[in-house]
Amino acid sequence: MKKPAVTPASGVSLAPSAFSAVLFYCRPGFEKEMAQEITDRGAELAVFGYVKAKPDSGYVLFVPHQQEDMAILMDKLRWKRLVFARQLVFVAPLDGDLPTTDRVTPLLARAKSLGCAFSSLQVETADTNEAKELLAFCRKFSTPFTRALEKAGLLQPEAADLPWLHLFFLGSAAAYVGVSFPGNHSGWFMGIPRLRMPRAAPSRSTLKLAEALLELVGERHLDNLFHAGLTAVDLGAAPGGWTWQLVQRELNVTAIDNGPMDPALMASGQVEHLRVDGFHYHPKRPVDWLVCDMVESPSRIAGVMGEWLASGWCRQALFNLKLPMKKRYDELERCRDIMDARLAEAGIKYRLDFKQLYHDREEVTGYLRPVKG
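Sequence positions in the sequence shown follow the UniProt record's numbering and run 1 to 373.
Note that these hints are calculated values from the structure, not bench results.
Be a bit skeptical, because a hint or two may be false.
[To be verified] Calculated pairs, BS3-like style, for lysine-lysine (alpha carbon to alpha carbon, straight line, at most 25 angstroms):
hint : residue 1 : residue 2
1    : Lys112    : Lys140
2    : Lys132    : Lys54
3    : Lys52     : Lys76
4    : Lys32     : Lys132
5    : Lys372    : Lys52
6    : Lys284    : Lys80
7    : Lys76     : Lys326
8    : Lys326    : Lys52
9    : Lys327    : Lys80
10   : Lys132    : Lys372
11   : Lys349    : Lys284
12   : Lys327    : Lys32
13   : Lys80     : Lys52
14   : Lys284    : Lys54
15   : Lys132    : Lys151
16   : Lys54     : Lys32
17   : Lys54     : Lys372
18   : Lys140    : Lys151
19   : Lys32     : Lys52
20   : Lys151    : Lys112
21   : Lys76     : Lys372
22   : Lys32     : Lys372
23   : Lys80     : Lys322
24   : Lys132    : Lys52
25   : Lys372    : Lys349
Work out the full structure: start from the sequences and follow the hints.
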């Protein structure tokens, strides 16, 4: 009998032979980019395999050629560093042809085979129009399956360090069963943050920055990094969706845009509006934050971000890149190279994270900041 594998990333004992693939939830239409990304990340770990990706399905499956490489992926693959993944789940082989009279029994058996208890149950499906009709079924099924897990002693909500159990339904008779790990996954159902549109915000773009603050910066860091007394520049600010988020956190903002700003936002007394070209403006003294949601070619935005950090005009930057219709992954890598070249020239060590947020569309959000050492 094989001993359970202990994944260093989680400290949880798992049955090593139970897992066969990695499941990524993604934005429908970005399966190709997710497939390219996991192929590259796997190669960096010397893990090779094949991808199952159907256009507009909202998910991608990566199957390593060597099943034992699943332990490497569990230990080394980081959700935070994946651009196109909404969720990261390590799954067992597909349970297909589930009996409609009793889906609980085979899925419970599969859950038991994973070799551990769980702190949470997520019964999910893809974020597509076709799959949305499955959501009602998922909600309904979660009740009897929760009872079955509790009866089997497999659901322990008080043990927050235990993995989450995911049932990812492809249809009412087919599901992947797998786990995700706290600290290495999205904490939201289906990997989708549920954010309310603030009534006072000037535009829905405010939700992009709100989500970026949670997902890229991290909620536990917000009070230290965004507070009264700090300064920011918002390039392409009008009508003020991103500026509004900064004002709510009591920053003083210089809004750069030839268009009009929201009058209520200007009445806050925290915003200076300059009608100048965002590509040629730079501050007289360094600011704490640069934010940018300009509609422009991604390579040009990347050049601006690299220049601001290299020149010492800002300390950190949050920005969006509007990706082209074709070769989106290649364009993103090109933007990385542009920023890397400028910062290397300036001798600045940095960290750059990208995420395609739920409130992004044909775009990704970047978080650029210097690092010590």
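Hints, one by one, checked against the model:
1. Annotation: proposed proximity of Lys112 to Lys140 holds, straight-line Cα distance about 21 angstroms (limit 25 angstroms).
2. Taking the CA atoms of Lys132 and Lys54, the gap is about 17 angstroms. The hint holds against a cut of 25 angstroms.
3. Between Lys52 and Lys76, the direct Cα distance comes to roughly 21 angstroms. Compliance with the 25 angstroms bound is thereby established for this hinted pair.
4. For the hint pairing Lys32 with Lys132, the CA-to-CA distance comes to about 22 angstroms; that is within 25 angstroms, so the pair holds.
5. The suggested pairing of Lys372 with Lys52 is violated, with an alpha-carbon distance near 40 angstroms, which exceeds 25 angstroms.
6. Our distance criterion of 25 angstroms between C-alpha atoms is broken by Lys284 and Lys80, whose separation comes to about 34 angstroms.
7. For the hint pairing Lys76 with Lys326, the CA-to-CA distance comes to about 30 angstroms; that exceeds 25 angstroms, so the pair is violated.
8. Under the criterion of a C-alpha separation no larger than 25 angstroms, the hint pairing Lys326 with Lys52 is consistent with the structure, at around 20 angstroms.
9. At most 25 angstroms may separate the alpha-carbon atoms for a hinted pair to count; Lys327 and Lys80 meet this at roughly 23 angstroms.
10. Proposed proximity of Lys132 and Lys372 is contradicted: the alpha carbons are some 45 angstroms apart, above 25 angstroms.
11. At most 25 angstroms may separate the alpha-carbon atoms for a hinted pair to count; Lys349 and Lys284 meet this at roughly 24 angstroms.
12. For the hint pairing Lys327 with Lys32, the CA-to-CA distance comes to about 10 angstroms; that is within 25 angstroms, so the pair holds.
13. For the given pair, Lys80 sits about 22 angstroms from Lys52 by alpha-carbon distance, which is consistent with the 25 angstroms threshold.
14. Distance restraint check for Lys284 and Lys54: the Cα-Cα separation of roughly 50 angstroms exceeds the 25 angstroms cut-off, and the hinted pair is therefore not satisfied.
15. Using a Cα cut-off of 25 angstroms, the hinted pair Lys132 and Lys151 is violated, with the two alpha carbons roughly 30 angstroms apart.
16. This hinted pair checks out: Lys54 and Lys32 have alpha carbons roughly 9 angstroms apart, not beyond 25 angstroms.
17. Our distance criterion of 25 angstroms between C-alpha atoms is broken by Lys54 and Lys372, whose separation comes to about 42 angstroms.
18. At most 25 angstroms may separate the alpha-carbon atoms for a hinted pair to count; Lys140 and Lys151 meet this at roughly 18 angstroms.
19. Pair hint Lys32 plus Lys52 holds up; C-alpha atoms about 10 angstroms apart against a cutoff of 25 angstroms.
20. Under the criterion of a C-alpha separation no larger than 25 angstroms, the hint pairing Lys151 with Lys112 is consistent with the structure, at around 12 angstroms.
21. For the suggested pair Lys76 and Lys372, the alpha carbons sit about 23 angstroms apart, so the restraint of at most 25 angstroms is met.
22. At roughly 35 angstroms between alpha-carbon atoms, Lys32 and Lys372 are farther apart than 25 angstroms, so this suggested pair is violated.
23. Taken as a hint, the Lys80 and Lys322 pair is honoured in the structure, with Cα atoms around 20 angstroms apart against an allowance of 25 angstroms.
24. The hinted pair formed by Lys132 and Lys52 meets the criterion: a straight-line CA distance of about 21 angstroms does not exceed 25 angstroms.
25. A threshold of 25 angstroms between alpha carbons decides the hint, and for Lys372 with Lys349 the separation of about 7 angstroms falls inside it, so the pair holds.
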